[in-house]
Amino acid sequence: MVSTPPAAPTAPRLDAATRLAVERTRLAYERTLMAWVRTSASLITFGFTIYKFFEFERTTGALPSAPGALSPRTFALLMIAVGLMTLVMAAVQHRQSLAAMRAEYGEAPSLSTAGLTAMLFTLLGVVALVVVLLRR
Numbered sequence: 002m003v004s005t006p007p008a009a010p011t012a013p014r015l016d017a018a019t020r021l022a023v024e025r026t027r028l029a030y031e032r033t034l035m036a037w038v039r040t041s042a043s044l045i046t047f048g049f050t051i052y053k054f055f056e057f058e059r060t061t062g063a064l065p066s067a068p069g070a071l072s073p074r075t076f077a078l079l080m081i082a083v084g085l086m087t088l089v090m091a092a093v094q095h096r097q098s099l100a101a102m103r104a105e106y107g108e109a110p111s112l113s114t115a116g117l118t119a120m121l122f123t124l125l126g127v128v129a130l131v132v133v134l135l136r137r
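Each step along the sequence shown adds one to the number in this note's numbering, with nothing skipped, and position 87 is 88.
By construction, these hints were calculated from the structure, which means they are not laboratory data.
All values derive from a computational prediction rather than experimental measurement.
Mixed in with the good hints there might be a few duds.
Under the rule of at most 20 Å between Cα atoms (straight-line distance), these lysine to any residue pairs were calculated in the SDA-like manner [stated by the list, open to error]: (1) K53 - V132; (2) K53 - V127; (3) K53 - A42; (4) K53 - S43; (5) K53 - V83; (6) K53 - P73; (7) K53 - F76; (8) K53 - T114; (9) K53 - L125; (10) K53 - V131; (11) K53 - L21; (12) K53 - E31; (13) K53 - L79; (14) K53 - S72; (15) K53 - G107; (16) K53 - R136; (17) K53 - L130; (18) K53 - T118; (19) K53 - L124; (20) K53 - R32; (21) K53 - T75.
Required output: the full structure, derived from the provided sequences and hints.
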């Protein structure tokens with residue numbers, strides 16, 4: 002006796018109102034992630050700008066090297082690291098939200114423009130972090 006494997010469960014066909022509500026929710030998830038991308042990009046670029054500004058001031062001799070608890074380099078590293086952590090946490094939350102929506106309603110694209118943007122800014126942040134870490 003040969004048995005056939007059970008078919009994968011199919012998502013129920015949604016009525017128009019529910020489909021529109023799911024789409025609005027997905028777009029809200031996208032907007033939320035883009036807001037986090039903007040916030041993270043601001044933190045990353047601000048940290049890198051602080052580092053480059055004080056590096057320039059130090060090389061021109063306009064700013065003496067004064068020991069302190071929080072050097073411009075350390076501050077820049079903290080800002081970049083916080084921006085990266087924020088972006089990664091927001092991207093993980095975004096993926097979890099889309100996965101939950103996909104499991105519930107079966108309609109959510111696996112590829113997100115906001116997710117791709119978050120990945121690109123994560124790469125930018127990693128590059129900025131490496132530059133600040135490797136340069137003295």
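A quick look at each hint next to the structure:
A threshold of 20 Å between alpha carbons decides the hint, and for K53 with V132 the separation of about 10 Å falls inside it, so the pair holds. Of the supplied pair hints, the one linking K53 and V127 holds, its CA atoms being roughly 16 Å apart against a limit of 20 Å. With a C-alpha separation of about 16 Å, the suggested pair K53 and A42 falls inside the 20 Å cut-off, and the hint holds. Our distance criterion of 20 Å between C-alpha atoms is met by K53 and S43, whose separation comes to about 15 Å.
Using a Cα cut-off of 20 Å, the hinted pair K53 and V83 holds, with the two alpha carbons roughly 18 Å apart. At most 20 Å may separate the alpha-carbon atoms for a hinted pair to count; K53 and P73 meet this at roughly 9 Å. Taking the CA atoms of K53 and F76, the gap is near 12 Å; set against the 20 Å cutoff, the hint holds. Using a Cα cut-off of 20 Å, the hinted pair K53 and T114 is violated, with the two alpha carbons roughly 31 Å apart.
With a C-alpha separation of about 16 Å, the suggested pair K53 and L125 falls inside the 20 Å cut-off, and the hint holds. A threshold of 20 Å between alpha carbons decides the hint, and for K53 with V131 the separation of about 13 Å falls inside it, so the pair holds. In summary, the hint linking K53 to L21 is not supported, as the alpha carbons are separated by about 47 Å, beyond the 20 Å threshold. For the suggested pair K53 and E31, the alpha carbons sit about 32 Å apart, so the restraint of at most 20 Å is broken.
The hinted pair formed by K53 and L79 meets the criterion: a straight-line CA distance of about 14 Å does not exceed 20 Å. Distance check on the hinted pair: K53 and S72 sit about 13 Å apart at the alpha-carbon level, within 20 Å; holds. Annotation: proposed proximity of K53 to G107 is violated, straight-line Cα distance about 48 Å (limit 20 Å). For the hint pairing K53 with R136, the CA-to-CA distance comes to about 10 Å; that is within 20 Å, so the pair holds.
A hinted pair counts as satisfied when its Cα atoms are at most 20 Å apart, and K53 with L130 qualifies at roughly 12 Å. Simply put, K53 and T118 have alpha-carbon atoms about 25 Å apart, too far for the 20 Å limit, and the pair is violated. Between K53 and L124 the alpha-carbon distance is near 19 Å, which keeps this suggested pair within the 20 Å criterion. Of the pairs offered as hints, the one joining K53 and R32 is violated, with about 31 Å between alpha carbons and a cut-off of 20 Å exceeded.
Among the hinted pairs, K53 with T75 is consistent with the structure: their alpha-carbon atoms are about 12 Å apart, no more than 20 Å.
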